[in-house]
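Protein sequences appear in the order of chains B and X.
In terms of the working numbering, the first sequence is residues 1 to 188.
In terms of the working numbering, the second sequence is residues 1 to 377.
Derived from the structure by calculation, the hints contain no laboratory data.
All C-beta atoms, glycine included, are put in the ideal place defined by N, C-alpha and C.
One or more of the hints may lead you astray.
As the list claims (entries may be wrong) - Derived Cβ-Cβ restraints for the label pairs, each shown as a range:
#1 Gly310(X) x Val45(B): 24 to 34 Å
#2 Val16(B) x Gly220(X): 39 to 49 Å
#3 Asn359(X) x Lys20(B): 26 to 36 Å
#4 Val78(B) x Gly193(X): 44 to 54 Å
#5 Gly70(B) x Asn35(X): 49 to 59 Å
#6 Gly163(B) x Gly74(X): 53 to 63 Å
#7 Glu82(B) x Asp353(X): 14 to 24 Å
#8 Gly163(B) x Thr37(X): 56 to 66 Å
#9 Met122(B) x Gly14(X): 51 to 61 Å
#10 Asn35(X) x Thr88(B): 40 to 50 Å
#11 Thr88(B) x Thr37(X): 31 to 41 Å
#12 Ala144(B) x Gly336(X): 51 to 61 Å
Unchecked claim - If you want a taste of the chain B side facing chain X, the calculated C-beta under 10 Å gives, among others:
#13 Val24
#14 Ala38
#15 Gly70
#16 Gly107
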Amino acid sequence: MKSLNTAGQLLLDRAVAGDKIPLVPLLYIALAVPQRYALGGVPLVWGGFTWAARDVIVNEVADAVDQPAGLRISLPGVTDAERALALTDVEGARVELYHALVDPATGAVADAVLRWAGELDMPGFQAGREAVVQFTATHRAVIAMRDRVSRYTNDEQQRLYPGDTSLDVDPGTDAGSVVWPNAAYFRQ
Amino acid sequence: MATLDWPTTRAFQGARVQLGVDVTEYGFQGFYTGNRTRFSTLADRLTCVVTLPPCLAADAGLREGFLLGLRSAGDYVRLPMMHRRVPVGSMRGSPTVSASAAAGARSLVLAGVTGGGNLALGGSFELDTNADGIANGWTALSSGSFTGLTYGRTTSGGALVHGTYEQAIDVVFTAAGSFVGLERVYQLPDGAGTYTIGLTVRSGGDTQTVRVRVEPRDSGGTIVGSTLTAFSTPFPADGTRLTGQVVMPATTTQCTVRIEMFSTNTGLNSALRFDGLSLIRGISGAWPGIGTLAAGDFIGIGGNLIMVGGAGATATDDGLMTVPAAMPLPAALSAGAAVTWNQPTGVWELDTDALDLVNTPGGVQEGLAIPLRQVVL
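Next up, chain B with everything else stripped away, as it sits in the complex (with noise of 0.2 Å):
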């Protein structure tokens, strides 16, 4: 359960009452330089952070119990820069998804909570009469259900543990020889 703050659930509740309370996604990507969206026709300003006001789709955030949704991202890829986006190293980076309930009177936002959190996964964009930069991104649960491989290798000792050499083995040359006692040994 997702708890808002009091002035956070005032708006909450005159939206149940009947009252149109503007509601907008607000979308984080950590990239090198990281992205704020708000999804709407304004900037706003929460967290410290001004979100810019961007034409961004974010399609259905659907969860399922066992199956953790996906989302996918479509900015407009009609600038060069907005292109780069989608060939640059973005794997990986970090996607939370907000909605934040703004104040109909001052365009303050009063509280936002996370929706939906995880991982870029693949970019790309098409050009054309609808041109759009995509991207997929991986569920925080889905990542964290992964299977993780390990091999047990001194390089990946040093990756995880720089500087232990627990498994800086050679099994040919370091291990020691294992004498089985002869027959006389049993008939005692």
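Add chain X to chain B, keeping to what the hints say.
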């Protein structure tokens, strides 16, 4: 890409304007109740379809050249709301944004709002925050000999033009030629020229003279030329509106208006009440009313059009006005930003990939509908 002005040639006149709003929202309608729950994403934009009437070949060429160029270059067009070029409300003058407002907010506060070209903020004498008997923004002035000078505000109404209060001055003059009164500095955005001052008065006690004088000043505050007298007259009948013209000399950018009770008799109580000061460029001494904006009026701030919401707005006597916006503010507003009320323009983009420019035999181009959508700067 450039932003072009909507042409003013005959080919683009006589347009029919169909106004709309493009609302972005998502929501849900209950199956069992029919109730709608809707969430906005704060991207509401004005739309309009400008329909030009049929025209002859020469004008048709102008239309084709402009519109097809617009489509090809992807230019924006700067267009006023041709069906409501100035507010239905009385707001005129040079208002500004009083306090910054965030994008997406539903209201904004303006400052310096007066009605009908009246430059005299505080001319209704309604507000007296420090309760000293002198309306906000005014300063006491006096000269000569007198006793018992008191300032106050009365509600009995013989001079009342607007609101609840009249400004009151009571005094006993002890020497002829003395005077007491109030003064205030006003900015004159249009500078030199003829201005008319109007004031409604009532009086009591000893008969004196009521006069309004003006000191024209340059931008540095120095008096330009000599003090001008708008009117100077013995106490008239209660409720009389006094008017007079002054000609501000060159280099005048502001002036001090002085409302004075001048002694022609001494020894008795003298009382002056007044309300509804107007200072208007040109020849108009009538009280123009307080500044208002009506529902549906358009104002321009930072190149964006803002439509006034259904409640409309009325300024305070100090010229502050909280304006409800019909749609969320498209951009953040900074305090001090200028507000345009006279034919404010918005920036629009073509909202279609196709334009039907149909020319018929006989050299007549059929009427033409041009769909446009508001662009936010």
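Violations among the numbered hints: Violated hints: 2, 3, 5, 15; rest satisfied.
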